[in-house]
Amino acid sequence: MNIYLSTLVRELKISIRNPSGLINPILFFIVTISLFPLSISPEAKILSEIAPGIIWVAAMLSVLLSLNTIFHYDFDNGILEQLSISYRSTALVILIKSFSHWILTGLPIVLLSPVMGLFLFLDQNSIQVLMLTLLIGTPSLSLIGTIGASLIVGIRSAGMLLALLILPLYIPILIFASSAISQSQAGFEITGQILWLIVILLFSLMLSPFISAAALKINLD
Amino acid sequence: MCFLKIKNLSCQKGFNLLFKNIEFIAREADIVQVKGLNGKGKTSLLRILSGLSEPDSGHVSFNNSLSDSDEYQKDILYLGHAPSISPDLTVIENLEYLRSLNKTDFNLQSLDALKKLGLGNFQNEICLNLSAGQKRRVILSMLFLSDSKVWLLDEPYTALDSKGIKLIESLIKKHSDNGGICFFTSHQASSLNAKELVL
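Residue numbers (the numbering used here), protein chains in the order written: chain A, 1 to 221; chain B, 1 to 199.
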């Protein structure tokens, strides 16, 4: 089987056999959002106003929560060594790993978001915009997160360090995405924000695999 | 005629100078046993030869391609201390993935290699449930499948029983008879007619 396809299949198999890593971020996403109506106010007007921010922050944090697993086990088991000295392109294999990370965390979040949107009284149009921003934004979260995961791969319990490294890079995505939803609620045009999210996605697609490959090489030395 | 050339190689870890200015040429069919006391840099040398680590000075080349080139890495099979297998995958899944990362002979089936190492009945077992020796056998079955000219084996006999050791020795011998080069580290006396590289 082709190495890139077999990497994808391998990643999916490992996470299905180890479901806690798969379920934790999604549960975190649901639980965090469901706490807001309890703690702030159950009123539709207030909730629908803050919903875009809440859903996006929860999505971002749950992606952050799962980043550690991208490389950690493969580093401990020596698979990354084999990958690094293989004549196959490390960067492309890493791109596949980011993609499978997105399938396992980003995609479930996109699919769950309409339910969470309804929960926070978002109207139908805003839910569509929310799903669109998540669909474009979460792959960037996985790709940029892969850079962070590859930088901290040799360090034990580096959760906080990872957050410090990665959250600043997530902030533009958060701003454009949540402002797109608020603007659409107010009836404004959102093409600008969506285009910016696409630009960020394209940049992270181009750069992230190569930066991660270089960081891994340094960590394996 | 293939040859692996080590030129002026030095390696330092922290404040320790492990080795300095090593010069060595391994030619076709050479078996080289890297010897040295603990902490003398045997593993570091093999990691440099594999292209995983950068030397502090000097370089390594195989048929004139340097150790950081793709051509070099196509010809190298490195089996290190780490298990190189995922505990959540089955024996055959792990082996197939290792195969896809390395250059292997497509005429040979992974299952046949496992059978030869006594893991024929374990192909669908999750690697978590294997013993240390069995895990070692999973990656060592790459030796049956590999098409690489240079083998770098770091302590290949660890956790193996005497029968397993004999089998690996015969594989190394066969590789050398086919014109391959093998570097290995071991503290055990070996029945192989190996050149020595003492650190």
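Think of the hints as simulated: they come from the structure by calculation, not from any bench.
Here the structure is a predicted model, which means the values were calculated and not measured.
Just so you know, even glycine gets a beta-carbon here, dropped at the ideal spot from N, CA and C.
Hints may contain errors.
Claimed, not checked - For lysine-lysine, the following DSSO-like pairs were computed, each having C-alpha atoms within a straight-line distance of at most 27 Å: (1) Lys13/A x Lys40/B; (2) Lys217/A x Lys7/B; (3) Lys217/A x Lys103/B; (4) Lys217/A x Lys115/B; (5) Lys135/B x Lys13/A; (6) Lys13/A x Lys103/B; (7) Lys5/B x Lys217/A; (8) Lys217/A x Lys40/B; (9) Lys135/B x Lys217/A; (10) Lys217/A x Lys74/B.
Stated by the list, open to error - Here are some, though not all, of the chain A residues that point toward chain B, as calculated from beta-carbon distances under 8 Å: (11) Lys13; (12) Arg17; (13) Asn77.
Here's how the hints hold up against the structure:
1. For the suggested pair Lys13/A and Lys40/B, the alpha carbons sit about 40 Å apart, so the restraint of at most 27 Å is broken.
2. Between Lys217/A and Lys7/B the CA atoms are separated by roughly 23 Å; this keeps the pair inside 27 Å, and the hint holds.
3. At roughly 21 Å between alpha-carbon atoms, Lys217/A and Lys103/B fall within 27 Å of each other, so this suggested pair holds.
4. For the given pair, Lys217/A sits about 35 Å from Lys115/B by alpha-carbon distance, which is inconsistent with the 27 Å threshold.
5. For the hint pairing Lys135/B with Lys13/A, the CA-to-CA distance comes to about 19 Å; that is within 27 Å, so the pair holds.
6. Under the criterion of a C-alpha separation no larger than 27 Å, the hint pairing Lys13/A with Lys103/B is consistent with the structure, at around 24 Å.
7. Between the alpha carbons of Lys5/B and Lys217/A the distance comes to roughly 23 Å, so the proposed pair stays at or under 27 Å and holds.
8. A threshold of 27 Å between alpha carbons decides the hint, and for Lys217/A with Lys40/B the separation of about 24 Å falls inside it, so the pair holds.
9. Of the pairs offered as hints, the one joining Lys135/B and Lys217/A holds, with about 26 Å between alpha carbons and a cut-off of 27 Å not exceeded.
10. Between the alpha carbons of Lys217/A and Lys74/B the distance comes to roughly 18 Å, so the proposed pair stays at or under 27 Å and holds.
11. Hint on Lys13/A holds. Least Cβ distance to chain B is approximately 7 Å, under the 8 Å limit.
12. Hint on Arg17/A holds. Least Cβ distance to chain B is approximately 5 Å, under the 8 Å limit.
13. Against a cut-off of 8 Å between C-beta atoms, the interface hint on Asn77/A holds, since the closest Cβ of chain B lies about 6 Å away.
Violated hints, in rising order: 1, 4; the structure is consistent with all others.
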